[in-house]
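Given only the sequences and the hints, what does the whole structure look like? Please build it.
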Amino acid sequence: MADIFKVAKRDYLENVKRKSFLYVVFGLPLLMGIIFAVQASFGSQMTSLQFNTPVGFVDASGLGFQGNGNTTIGYATVGDAKAALLSEKVGSVMLVGPDYLANGTVTVMVREGDLTRTLNDKAMQAFLVGGLVKDLPPDVRARIQNPPAMRTIELDASGNVVQSNLMKSIIATGVGLLLLLTIFMSSSFLMQSVVEEKENRVIEILLSSISARDLMAGKIIGNGALSLTQIIAWLLISVAGIAYFGGPVMSLVGTINPLEIISPEMLAVYLLYFIGGFLLYSSLLACIGSISTSMRESSQISAIVVLPAAAPLWFITVFMVEPNGQIAQFLSLFPFSAPLSMIMRMGMTAVPAAEIAASLAMLFLTVVLAVWVSAKLFRATILMYGQRPGIAQMISILRQA
Amino acid sequence: MGDQVVVASALSKSFGDTRVLKDVSFDVRKGEILGLLGPNGAGKTTTIRILMGIFGQDSGDVRIFGEMFSEATKKRVGYLPEERGLYREARVLETLVYLASLKGMPEGEAAAEGGRMLAGLGLAGYEKAKLSALSKGMQQKVQFIATVLHGPELVVLDEPFAGLDPVNTNLVKNLILGLKQGGTAIILSTHMMEQAERMCDRVMMINKGARVLYGSVPEVKARYGKGSVRVEYSGKLPRKVAGVSAIDDFGAYAEMKLDKGARPGDVLRALVKPGIEISRFEASEPSLNDIFLEAVGPGSGSGA
Chain A
1305 MADIFKVAKR
1315 DYLENVKRKS
1325 FLYVVFGLPL
1335 LMGIIFAVQA
1345 SFGSQMTSLQ
1355 FNTPVGFVDA
1365 SGLGFQGNGN
1375 TTIGYATVGD
1385 AKAALLSEKV
1395 GSVMLVGPDY
1405 LANGTVTVMV
1415 REGDLTRTLN
1425 DKAMQAFLVG
1435 GLVKDLPPDV
1445 RARIQNPPAM
1455 RTIELDASGN
1465 VVQSNLMKSI
1475 IATGVGLLLL
1485 LTIFMSSSFL
1495 MQSVVEEKEN
1505 RVIEILLSSI
1515 SARDLMAGKI
1525 IGNGALSLTQ
1535 IIAWLLISVA
1545 GIAYFGGPVM
1555 SLVGTINPLE
1565 IISPEMLAVY
1575 LLYFIGGFLL
1585 YSSLLACIGS
1595 ISTSMRESSQ
1605 ISAIVVLPAA
1615 APLWFITVFM
1625 VEPNGQIAQF
1635 LSLFPFSAPL
1645 SMIMRMGMTA
1655 VPAAEIAASL
1665 AMLFLTVVLA
1675 VWVSAKLFRA
1685 TILMYGQRPG
1695 IAQMISILRQ
1705 A
Chain U
16 MGDQVVVASA
26 LSKSFGDTRV
36 LKDVSFDVRK
46 GEILGLLGPN
56 GAGKTTTIRI
66 LMGIFGQDSG
76 DVRIFGEMFS
86 EATKKRVGYL
96 PEERGLYREA
106 RVLETLVYLA
116 SLKGMPEGEA
126 AAEGGRMLAG
136 LGLAGYEKAK
146 LSALSKGMQQ
156 KVQFIATVLH
166 GPELVVLDEP
176 FAGLDPVNTN
186 LVKNLILGLK
196 QGGTAIILST
206 HMMEQAERMC
216 DRVMMINKGA
226 RVLYGSVPEV
236 KARYGKGSVR
246 VEYSGKLPRK
256 VAGVSAIDDF
266 GAYAEMKLDK
276 GARPGDVLRA
286 LVKPGIEISR
296 FEASEPSLND
306 IFLEAVGPGS
316 GSGA
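Protein chains in written order, with this note's numbering: chain A, 1305 to 1705; chain U, 16 to 319.
Source of the hints: derived by calculation from the structure; they are not laboratory data. Positions of the beta carbon are idealized from the N, C-alpha and C atoms, including for glycine. Hints may be right or wrong, so weigh each one.
[As the list claims (entries may be wrong)] Straight line, CA to CA, 30 Å or less: simulated DSSO-like cross-link-like pairs of lysine-lysine:
| # | chain 1 | residue 1 | chain 2 | residue 2 |
| --- | --- | --- | --- | --- |
| 1 | U | 195 | U | 272 |
| 2 | U | 143 | A | 1310 |
| 3 | U | 145 | A | 1310 |
| 4 | U | 195 | U | 151 |
| 5 | A | 1323 | U | 145 |
| 6 | U | 251 | U | 90 |
| 7 | A | 1321 | U | 151 |
| 8 | U | 151 | A | 1310 |
| 9 | U | 272 | U | 255 |
| 10 | U | 37 | U | 288 |
| 11 | A | 1680 | A | 1310 |
| 12 | A | 1680 | U | 37 |
| 13 | U | 90 | A | 1680 |
| 14 | U | 151 | U | 188 |
| 15 | A | 1680 | A | 1386 |
| 16 | U | 90 | A | 1310 |
| 17 | U | 143 | A | 1323 |
| 18 | U | 188 | U | 275 |
| 19 | A | 1438 | A | 1386 |
| 20 | U | 223 | A | 1313 |
| 21 | U | 251 | U | 272 |
| 22 | U | 288 | U | 275 |
| 23 | U | 143 | A | 1313 |
| 24 | U | 223 | U | 145 |
| 25 | A | 1313 | U | 90 |
| 26 | U | 223 | U | 188 |
| 27 | U | 45 | A | 1313 |
| 28 | U | 188 | U | 143 |
| 29 | U | 143 | A | 1321 |
| 30 | A | 1321 | U | 145 |
| 31 | A | 1323 | A | 1313 |
| 32 | U | 151 | A | 1323 |
| 33 | A | 1680 | U | 223 |
| 34 | U | 272 | U | 223 |
[Said to hold, decoys possible] Label-pair ranges, simulated between beta-carbon atoms:
| # | chain 1 | residue 1 | chain 2 | residue 2 | range |
| --- | --- | --- | --- | --- | --- |
| 35 | A | 1324 | U | 166 | 31 to 41 Å |
| 36 | U | 103 | A | 1608 | 23 to 33 Å |
| 37 | A | 1575 | U | 142 | 40 to 50 Å |
| 38 | A | 1546 | U | 142 | 20 to 30 Å |
| 39 | U | 278 | A | 1503 | 31 to 41 Å |
| 40 | A | 1607 | U | 142 | 35 to 45 Å |
Right, dumping it as structure tokens:
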């Protein structure tokens, strides 16, 4: 046991200082922060753009639209309005026709090459709606001008409310992707360290000191701890980010209580999928590292293992439309794609507990098998230099075991 | 014998259909150097890896420190592999401490002793250097320290002189002799016959997986039987000389291998003839190198 922890400690300390690890841990949240910040500031620029240049209008409908002279300016004739537009007094001109009530058509004139003015849609609509409802009581007017926020409530078979909305599935997909990214980053560090030790022949000294089993176990634990570090770092950064830049971030996420979306039960299931996925992929990649003769070869082979894990992303629209359909069901039972698939489905719909249990059971059975196969192959192939064992040879190694 | 550190009996190992080791037996005693000799592919590294427990033998038995091999055995053994290398981007002392800790040495002790040994080999001040920044000779020294830092009772050195310049060769040679004097049992696998002849108490030569020679250096030489003579001369050397099996003639100097049982004096008498002037005549034992070539060269028999 002591040897396992010594290996784990070294692998952890070695990788936690890697530049690529630091880039992902700090760079990714930074990138997201920048995206949020740009969106937030671009959004407010758009708002100011809308109100910076006034909108002109010509009211032929007889409904009595009133400009405020500041952001909206009324003109008696189309000619006047055109002149104001060309002399850049207004950014655009709305022509409210006599049939406006009947067919709702409004023509908007802008200067050539200035089509972005139509981005003022919302301001124009607010003006038009406001004009129509100006005589109603203020609370009614406010509701008409701010249309309802739709919230869908899903009922399960016994009539209980199931929480469901788009945000929930987006968050679940995001969480699933981050977990997958974490799993693959630390698994590939693990693979790299195996290939490196093989390439620089340290492996021979290591194996003359400790058993192959302890070496592999130590590497898996060390890199697992690395994954946890990454997740904890991301959580801390998100909490700090939201606390510090709370406003713009929350306006995009909406007023959602994360705990309402991700229940403690779901968190527990996420954790199980994370552990299962990590053990599955790290043992397989350790094995690939031991089989490979070079770093390049190992990354080529590992692509075969990585593809199924990301498969649910190709079917994301299928998942959205039919989260309990056959494809979604299959992918969330198939151990190699189960972690991301099930986390995505759980965000989109209520997945029967029995199905989650079956999926987890299959995942962990596969983990046991993968660890066994990898440990055997690892021990038998780690000292083969310069030649990669063929499939037949690997099968015979497993048979002898 | 009570001081036997390694006893290997009838080791055999195959990889697929290839038998790489056939019934090889030997022992190594406390405070002695056993030379493991043989051409490339003879089975030296396989023998060593079985001893190190890196993989198991198909048949036969190995006892180290009187016990069957176990993970605990590994902690009492030091191993310098032929294919060398350490973590290139790691720091010297850090690497030494890590490898010693895997051998069960407490980290603090490993750091202190590692520092002392680095200084002893002229590497003081390099404790925090990255290995990639060191010269090849320096890296070799670091690797040697990594092999012996934890004070192993058995040390296996696979080609310890490969890639070393004469100064460092001498340095490493003295370190090995120091270990021997301290009572460490040493297995020295090498191609360098001269070093082996001078340093080893006993040698085992293997070829194509089988043991062809085994014993103390004088024993092996005596058993192999054939001495040689060196002659400096002028005139014409006869093509055939009674009692001589092969002549390596350089014009004014010749080396002659004697038939088994032939005596140098008889050869000298045969050479003293008109038309040849002998200026120097020296009888010598066969070198290990001669024996090696004889034993593993084309047309060699086997058995020892």
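Verification of the supplied hints:
1. In summary, the hint linking residue 195 of chain U to residue 272 of chain U is not supported, as the alpha carbons are separated by about 34 Å, beyond the 30 Å threshold.
2. Between the alpha carbons of residue 143 of chain U and residue 1310 of chain A the distance comes to roughly 20 Å, so the proposed pair stays at or under 30 Å and holds.
3. This hinted pair checks out: residue 145 of chain U and residue 1310 of chain A have alpha carbons roughly 21 Å apart, not beyond 30 Å.
4. This hinted pair checks out: residue 195 of chain U and residue 151 of chain U have alpha carbons roughly 25 Å apart, not beyond 30 Å.
5. A hinted pair counts as satisfied when its Cα atoms are at most 30 Å apart, and residue 1323 of chain A with residue 145 of chain U qualifies at roughly 17 Å.
6. A threshold of 30 Å between alpha carbons decides the hint, and for residue 251 of chain U with residue 90 of chain U the separation of about 63 Å lies outside it, so the pair is violated.
7. Taken as a hint, the residue 1321 of chain A and residue 151 of chain U pair is honoured in the structure, with Cα atoms around 26 Å apart against an allowance of 30 Å.
8. As the CA atoms of residue 151 of chain U and residue 1310 of chain A are separated by approximately 28 Å, the hinted pair is consistent with the 30 Å bound.
9. Among the hinted pairs, residue 272 of chain U with residue 255 of chain U is consistent with the structure: their alpha-carbon atoms are about 12 Å apart, no more than 30 Å.
10. At roughly 50 Å between alpha-carbon atoms, residue 37 of chain U and residue 288 of chain U are farther apart than 30 Å, so this suggested pair is violated.
11. Our distance criterion of 30 Å between C-alpha atoms is met by residue 1680 of chain A and residue 1310 of chain A, whose separation comes to about 22 Å.
12. About 26 Å separates the Cα atoms of residue 1680 of chain A and residue 37 of chain U, which keeps this hinted pair within 30 Å; it holds.
13. Distance check on the hinted pair: residue 90 of chain U and residue 1680 of chain A sit about 23 Å apart at the alpha-carbon level, within 30 Å; holds.
14. For a cut-off of 30 Å, the pair hint linking residue 151 of chain U to residue 188 of chain U stands: about 17 Å separates their Cα positions.
15. For the hint pairing residue 1680 of chain A with residue 1386 of chain A, the CA-to-CA distance comes to about 82 Å; that exceeds 30 Å, so the pair is violated.
16. Pair hint residue 90 of chain U plus residue 1310 of chain A holds up; C-alpha atoms about 14 Å apart against a cutoff of 30 Å.
17. With a C-alpha separation of about 20 Å, the suggested pairing of residue 143 of chain U with residue 1323 of chain A holds against the 30 Å cut-off.
18. Between residue 188 of chain U and residue 275 of chain U the CA atoms are separated by roughly 34 Å; this puts the pair beyond 30 Å, and the hint is violated.
19. As the CA atoms of residue 1438 of chain A and residue 1386 of chain A are separated by approximately 27 Å, the hinted pair is consistent with the 30 Å bound.
20. Distance hint between residue 223 of chain U and residue 1313 of chain A is unfulfilled; the C-alpha atoms sit about 42 Å from each other, more than 30 Å.
21. As the CA atoms of residue 251 of chain U and residue 272 of chain U are separated by approximately 18 Å, the hinted pair is consistent with the 30 Å bound.
22. A threshold of 30 Å between alpha carbons decides the hint, and for residue 288 of chain U with residue 275 of chain U the separation of about 24 Å falls inside it, so the pair holds.
23. Using a Cα cut-off of 30 Å, the hinted pair residue 143 of chain U and residue 1313 of chain A holds, with the two alpha carbons roughly 19 Å apart.
24. In summary, the hint linking residue 223 of chain U to residue 145 of chain U is not supported, as the alpha carbons are separated by about 40 Å, beyond the 30 Å threshold.
25. A C-alpha spacing of about 19 Å is found between residue 1313 of chain A and residue 90 of chain U, which places the hinted pair at or below 30 Å, so the restraint holds.
26. As the CA atoms of residue 223 of chain U and residue 188 of chain U are separated by approximately 28 Å, the hinted pair is consistent with the 30 Å bound.
27. Our distance criterion of 30 Å between C-alpha atoms is broken by residue 45 of chain U and residue 1313 of chain A, whose separation comes to about 35 Å.
28. With a C-alpha separation of about 26 Å, the suggested pair residue 188 of chain U and residue 143 of chain U falls inside the 30 Å cut-off, and the hint holds.
29. For a cut-off of 30 Å, the pair hint linking residue 143 of chain U to residue 1321 of chain A stands: about 16 Å separates their Cα positions.
30. For the hint linking residue 1321 of chain A to residue 145 of chain U, the alpha-carbon distance of about 15 Å falls within 30 Å, and the restraint holds.
31. Restraint check for residue 1323 of chain A and residue 1313 of chain A: the C-alpha separation of about 18 Å stays at or below 30 Å, so the hint holds.
32. This hinted pair checks out: residue 151 of chain U and residue 1323 of chain A have alpha carbons roughly 27 Å apart, not beyond 30 Å.
33. Pair hint residue 1680 of chain A plus residue 223 of chain U holds up; C-alpha atoms about 29 Å apart against a cutoff of 30 Å.
34. Pair hint residue 272 of chain U plus residue 223 of chain U holds up; C-alpha atoms about 25 Å apart against a cutoff of 30 Å.
35. A hinted range of 31 to 41 Å for the beta carbons of residue 1324 of chain A and residue 166 of chain U is consistent with their spacing of about 38 Å.
36. Between residue 103 of chain U and residue 1608 of chain A the Cβ separation comes to about 29 Å, which falls inside the hinted range of 23 to 33 Å.
37. Checking the proposed 40 to 50 Å range against residue 1575 of chain A and residue 142 of chain U shows it holds: the Cβ atoms sit about 42 Å from each other.
38. Separation of residue 1546 of chain A from residue 142 of chain U is about 45 Å and departs from the stated range, judged on CB atoms against 20 to 30 Å.
39. For the hinted restraint 31 to 41 Å between residue 278 of chain U and residue 1503 of chain A, the CB-CB distance of approximately 56 Å leaves it violated.
40. Residue 1607 of chain A and residue 142 of chain U have their C-beta atoms about 41 Å apart, which keeps the hinted 35 to 45 Å range intact.
The structure shown violates the earlier hints numbered 1, 6, 10, 15, 18, 20, 24, 27, 38 and 39.
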